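Colleague: From first to last, the protein sequence lines are chains A and B.
Going by our numbering, the first residue of the first sequence is number 126, and it counts up by one from there.
Going by our numbering, the first residue of the second sequence is number -2, and it counts up by one from there.
Honestly, the hints are just simulated from the structure, not real lab data.
Predicted, not measured: the structure shown is a model, and the values here were computed from it.
Some hints here could point you the wrong way.
[Unchecked claim] Result set (DSBU-like, lysine-lysine): computed pairs, CA atoms no more than 35 Å apart in a straight line:
#1 A:K593 / B:K148
#2 A:K593 / B:K108
#3 A:K335 / B:K133
#4 A:K593 / B:K133
#5 B:K162 / B:K108
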Amino acid sequence: MFTEDTATALLDEETHEAINIDRTKGDFTFPERNKFDAGWGLSSATVDYICDVKQDPDWVREFRHKALAVFESKPTPTNWATEDLNNIDFSKIRFYLSDGEKPKRSWADVPADVLETFERLGIPQQERAFLAGVEAQFDSEAAYSNVKEELTKQGVIFVTSAEGLKEHEEIFRPWFGKVIPTGDNKYSALNSAVFSGGSFIYIPKGVKLKQPLQAYFRINSESFGQFERTLIIADEGSEVMYMEGCTAPKFETATLHSAVVELVALKGAKIQYVTVQNWSSNVFNLVTKRGLAMEDAEVRWIDCNIGSRLTMKYPGVIMKGERARGEVISIALANTGQHQDTGAKMIHAANNTTSNVVSKSISVGKGRSTYRGQVHIPKHLKGCKNNTECDALLINSNSRTDTYPAITVKGNRHATQHEASVSQVSEEMLFYMQQRGLNEGQAMSLAVNGFINDLVREFPMEYSVELKRLIDLEMEGSVG
Amino acid sequence: MSLQITNLHATLENGTEILKGVTLEIPAGEIHAIMGPNGSGKSTLSKVIAGHEAYIPTAGSITLDGQDISEMSIDARSRAGIFLAFQYPNEVPGVSNANFIRAALQARLPKGEEIDAVAYYKHLYAQMDLLEMDRKFTARAVNEGFSGGEKKRNEILQMIMLDPKYCILDETDSGLDIDALKIVAKGVNAMRSANRGMLLITHYQRLLDYIKPDHVHVMAEGRIVKSGGPELALELEEKGYDFLKEPALA
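Bound-form chain A, shown alone:
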């Protein structure tokens, strides 16, 4: 009955401390001491530089060069997306930066400045409190990567993508680039050309992880592009929850983050992928995320987008096996100067598959939220179900929200349902709350938390507390 109180009460002090990350906490940087720097701009030489530094096998080098050609051939998608994409100057971005250190298995071996970065972000503390494994990426490469020994014994693999493609090629290669082909979009091609970092995870048959695995992506350097690449394979009947967090300092110039995340849930497997993104307001965040769900498998994306200048992200699920389930639960908060262009793609490719999309966006000040949804159910299938709900909350008259749902359902043996709403925090509602003693910021926070309350419950407890705190900070900062 009192979920929020008990949630707070159940957290011990260390956990509470561990998740105490706020917006300002990420706003610091250490001097660069890069051994490897691909320099400014992107060319075939940049790709070769990355391949050389990373000692990529030939098949990867070839993959990257092909991807670069695709990236260069694809136009910037301003025909449907925002013109702001034209403001990304690829010649003023550094595509690879690293200190040349291998990921450490112990925090004690991590260089002092990097360790301090992650300690200030609370990562080692979280690992001790509630995580089964952690990867912490600093600019282009992981500084730390470790998984609990008992999981390694069970055959769980949790390493960086570079280690995955070299050490576990037989599992990695068949799925790599299969869920999201290089040419899916301009930015997936970009990632495919210059990817570095990210996780490779394999969960063996029947292994059900009780604690989540976590990755944290940290940008430390200015005018930098982070391009992590993640592939998670959950073998038959296995279960895994993966959580990712991200921050960057506030720089004068734009920063680019363009990740590709592929999930493969084999027969009866279950993958939950949780993101709490807290980028500073000059980050272009262009991410492609998609999961493949085989027979009786389930892929859930639980996504919270706070911060960034522009986020374009539409997590998807391809339901390829019968009775597969796909779900996207997303919260986006767009403050002044921010555009959250998010949504979901649900591709039904087998009978009796079920998908669910619940999206809530909050636009504050001049912030802009856009929902783009795609649901595809072809004619030859039967018994497919989709439910799509998208709700927008506007706070003050300058906010803007758009909804572009595209539901293609062919045949008459399916059930789909679509609901959308736009509401606002009215002056009368604020008056009521303020009359009870809450100041304007507190009243706004409460209204916003109320709006997303049902979705926050879907986040793991530790993250839902963090999420509420982030929203409080955003809202308190947004009123005069």
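Please build the complex by placing chain B on the supplied structure of chain A, with the hints as guidance.
Modeller: Showing chain B alone in chain A's frame:
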């Protein structure tokens, strides 16, 4: 110790004057009732005291135990001790009643101090029992899907929990059946105290059968036109508001 309203004038943004010089003192320990026809400015008076920004105070003052509150924000007035039970309480979707009241109490604590959850629920349940409210009520979103009676009871619950110095109840009796009215009156009567002043705004005498006022005022056209004891309410009930229109003969 009193809530003192002196020569209060207030207009809408378009310049229409709604309050045309209201003077009223509610000492701690007393219950005052304001009656009056629709459009007389009763509800506006309550909102202006609470600081609603749709009304612009153009003259006069509002003081709470000697402190001028007329320049204070809505929430600061609330924390200073003003509580307004709304005629039409707003919904706050997704926010549970328990969390709403708790946030309001938390807003009254110094920074860094946290409400003790166990003691809070114990206290909340005791007040809910007094108002005959189901325990499930704590988890329901504020006023969402509430019946008229439930909304009014919720206002009284919030009032009891926030323990204000001065309570203003705006048409709390409207939309209540007799059983609900009795429960609401029980809550209000439980709050009667030598340290607390109350202002009941009502259209009908009925509420005053259950909550006995010390003084009754009649408001018309933005002013208080007549004041008296409880008998004034009965007189109004009997004669209607029309008899006020002949003040020259009074």
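Colleague: Please verify whether K162 (chain B) and K108 (chain B) have alpha carbons no more than 35 Å apart.
Modeller: holds, 22 Å
Colleague: Next pair to validate is K593 (chain A) with K108 (chain B); report whether the Cα-Cα distance is within 35 Å.
Modeller: holds, 18 Å
Colleague: Are K335 (chain A) and K133 (chain B) close enough, with their CA atoms no more than 35 Å apart?
Modeller: holds, 32 Å
Colleague: Taking only the CA atoms, is the gap from K593 (chain A) to K133 (chain B) under or equal to 35 Å?
Modeller: holds, 24 Å
Colleague: Given the proposed pairing of K593 (chain A) with K148 (chain B), does the C-alpha separation stay at or below 35 Å?
Modeller: holds, 27 Å
The structure agrees with every numbered hint stated previously.
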